[in-house]
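Participant: Position chains B, C, D, E and F against the provided structure of chain A, taking the given hints into account.
One-letter residues, chain by chain:
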Amino acid sequence: MTNNHHNSGTLHILNKAPEHPRFAACLEALSPSDTLVLIENAVLACASVPLPDQSLALTADIKARGLTASCEGIQTIGYGDLVQLTETHTKIISW
Amino acid sequence: MTNNHHNSGTLHILNKAPEHPRFAACLEALSPSDTLVLIENAVLACASVPLPDQSLALTADIKARGLTASCEGIQTIGYGDLVQLTETHTKIISW
Amino acid sequence: MTTLIIVDQPPYGSWAGREALDMVFSLAAFDQPSALLFIGPGVNWLRTHQTPAELGQKSAEKNLSAASLFGVESIFADQSACEQYRVTQERMLPGVALTSNIQKILNAHNRVAFAG
Amino acid sequence: MTTLIIVDQPPYGSWAGREALDMVFSLAAFDQPSALLFIGPGVNWLRTHQTPAELGQKSAEKNLSAASLFGVESIFADQSACEQYRVTQERMLPGVALTSNIQKILNAHNRVAFAG
Amino acid sequence: MPNSVVYTLVITAAPWVSQAPQTALMFAREVLLAGHHIDRVFLYGEGVHLASSLSTPPSDEVNWSKEWSQFLNQHKIPATVCIASALRRGIIDETEQSRYELAANNLRMPFEIAGLGEWVESNLSSDRVIYFHGAS
Amino acid sequence: MPNSVVYTLVITAAPWVSQAPQTALMFAREVLLAGHHIDRVFLYGEGVHLASSLSTPPSDEVNWSKEWSQFLNQHKIPATVCIASALRRGIIDETEQSRYELAANNLRMPFEIAGLGEWVESNLSSDRVIYFHGAS
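Chains as they are written, first to last, in our numbering: chain A, 8 to 102; chain B, 8 to 102; chain C, 4 to 119; chain D, 4 to 119; chain E, 1249 to 1384; chain F, 1249 to 1384.
Chain A with its partners taken away, still in its complex shape (with noise of 0.2 Å):
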């Protein structure tokens, strides 16, 4: 989260429940060199479906629904990170 040269990646922001379409509509845009943020109700999916590699989840969405101890797993970052991820990626799309 400290390196501060731009990525060539798109960051895809999502806030879906994994039964939204949006939810599959993001996971299949996903390039290699993207990032995913799971924000509100998609942090959901850290309890419920495969994930990949690349991505994250708000830790604040994860404490206020429980999920702390099912989202082991996966890296969570706060909302300044989240800023940080906006910055050094110049495409950004939310789902």
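Since the hints were derived computationally from the structure, they do not count as laboratory data.
Careful, some of the hints might be misleading.
Lysine-lysine pairs mimicking DSBU-like chemistry, simulated, CA-CA at most 30 Å apart [stated by the list, open to error]: (1) K70/A x K98/A; (2) K1314/F x K61/C; (3) K65/D x K107/D; (4) K1324/E x K65/D; (5) K1324/F x K65/C; (6) K1324/E x K98/B; (7) K107/C x K65/C; (8) K1324/E x K1314/E; (9) K61/C x K70/A; (10) K70/A x K65/C; (11) K1314/E x K70/B; (12) K70/B x K98/B; (13) K1314/F x K1324/F; (14) K61/D x K1314/E; (15) K70/A x K1314/F; (16) K61/D x K70/B; (17) K98/A x K107/D; (18) K107/C x K98/B; (19) K65/D x K70/B; (20) K1324/F x K98/A.
Facilitator: Okay, now just chains B, C, D, E and F, sitting in the frame of chain A:
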């Protein structure tokens, strides 16, 4: 559509597109004696997914979406027919 | 004549679940029998250890815990959705009846509604 | 720098698609390059013979037909969604480019957004 | 009329977002045409926006709030807006305006603000309670 | 500051319906903390309800409209409400009130009503345009 005696099955009114999780939930909940009415976005199912025999669809919604030709396999009804179905069914679920 | 209210939206991301609970609380306040059914991602309401302070929202868990106090007859949950979301027995609010037959629950209630 | 607006909601049942089109029309009005991508049930925007008079809504088909007049660069649609919803070539608005590679379309545009 | 049925209609989604208020209006007209009775229309959740007096769609579009209001007035059908849903969403009548010292009110006539108790009562007094939800 | 980035934030979903305005506010605070700049906040579609001056949640709940308004005032960030979205949904300022002869206005300060042209301009003048959508 003309019988006036009460129907013991449930009338299901479904307005979600086939991708919406509630669409599948509704179809799973359908008992053989139930009736399903597709309205609004749900009429898109006529063009895309197999539907149970007890399905009806609202004509106005089909026409709006240019689906008249695609919906030939399904019985279509007007708003007045829908009212009549709510009259003959004592139990109704809107999905 | 028990009214069954279905919750299929998860907490925090939207208000739909809270508005479903308000319906159930109102029925109870007027001594009308009511029950709740959680399906799909709605079962995430039932997980314990929710700590939403950082989001600035009140706890959905506490909100729901009031249900049995307020006189809601039954709280049902779809077993396969609970398994899918790993809402296991030891991480689940007490008093929830798991079901693998939604159709049966729906047929057992005369009035069935979603909040939105 | 072309802005790509994605539509994944069908017409009439919600306003999301119309608000996506308004974004594209605004870009065009200010001479900014824009494109549209229809995915999922959003491809139902592209079907001809829409007659919504009975619903009291304006035609989504006519709304979209204005897109090329207003200077929208490209209209893309997901081929498999078109097949799923039987939006066949003879029942499709003219000027739509079918794609089987959404990722490529997204990568070709610097700014990509949904209306809601 | 022996076969007359008493309906309550509940609308939970907003105009210009969903088709729910439109479908509900088409349905309501046919209910009356069939000789039935509408006990009450209840707006809940996002549905409360239908009761805004300030909605101003383009002049070539139907104003669903106005259409509903005319229908309710014409047939003297009571229409209730859930108070908890309305306050959060900024749908305010004169009483709430003065209670909360707000600068304006925006509840369209003949809608009235009241609690979910009215919905509970409709559940008891109506033969059918029909819900009109949003599509998303 | 060589690494300062200029942001536009677009909110397309309403408070007390979605989490979008909350997430957007947390994000916006961190943008400023990181030394970046917010060029504009743009409310579109359902997001325009965030600009209602009449939202009155229960006193033990956060008032997201008020929180946003205080944040915008404190940091002198321009906030635009899309006029087409706002008029349909009954979010009205004094100008539109008199233009359409409406009984009230309900736009919360410092939000201003303007066209999508402001969004187009932000697309050109900002380094990043970040969207906050609803979850349903």
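Participant: Between the alpha carbons of K1324/F and K65/C, is the straight-line distance 30 Å or under?
Facilitator: At roughly 38 Å apart (the allowed maximum being 30 Å), K65/C and K1324/F break the hint.
Participant: Is the straight-line distance between the alpha-carbon of K61/D and that of K1314/E 30 Å or less?
Facilitator: Distance ~18 Å between K61/D and K1314/E Cα, so the pair holds.
Participant: Is K61/D within 30 Å of K70/B, Cα to Cα?
Facilitator: holds, 13 Å
Participant: Run the distance test for K1314/F versus K61/C: straight-line Cα separation, threshold 30 Å.
Facilitator: Since the Cα atoms of K1314/F and K61/C sit roughly 18 Å apart, the hinted pair holds (cutoff 30 Å).
Participant: Given the hint that K1324/F pairs with K98/A, does the C-alpha gap stay at or below 30 Å?
Facilitator: Status holds; Cα separation ~27 Å.
Participant: Within 30 Å, alpha carbon to alpha carbon, are K1324/E and K1314/E?
Facilitator: holds, 15 Å
Participant: Between the alpha carbons of K70/A and K98/A, is the straight-line distance 30 Å or under?
Facilitator: holds, 28 Å
Participant: Take the C-alpha atoms of K65/D and K70/B, compute the straight-line distance between them, and say whether it is at most 30 Å.
Facilitator: With a Cα-Cα distance of about 15 Å, the restraint between K65/D and K70/B holds, given a limit of 30 Å.
Participant: Hint check: K65/D vs K107/D, CA-CA at most 30 Å. Holds or violated?
Facilitator: holds, 29 Å
Participant: K70/B and K98/B were given as a pair; does the straight-line alpha-carbon distance stay at or below 30 Å?
Facilitator: holds, 28 Å
Participant: Between K107/C and K65/C, is the straight-line Cα distance small enough, at 30 Å or below?
Facilitator: holds, 29 Å
Participant: Taking 30 Å as the top limit, are the C-alpha atoms of K1314/F and K1324/F close enough?
Facilitator: Satisfied, since the Cα-Cα distance of roughly 15 Å is no more than 30 Å.
In summary, the numbered hints that this structure violates are 4 and 5.
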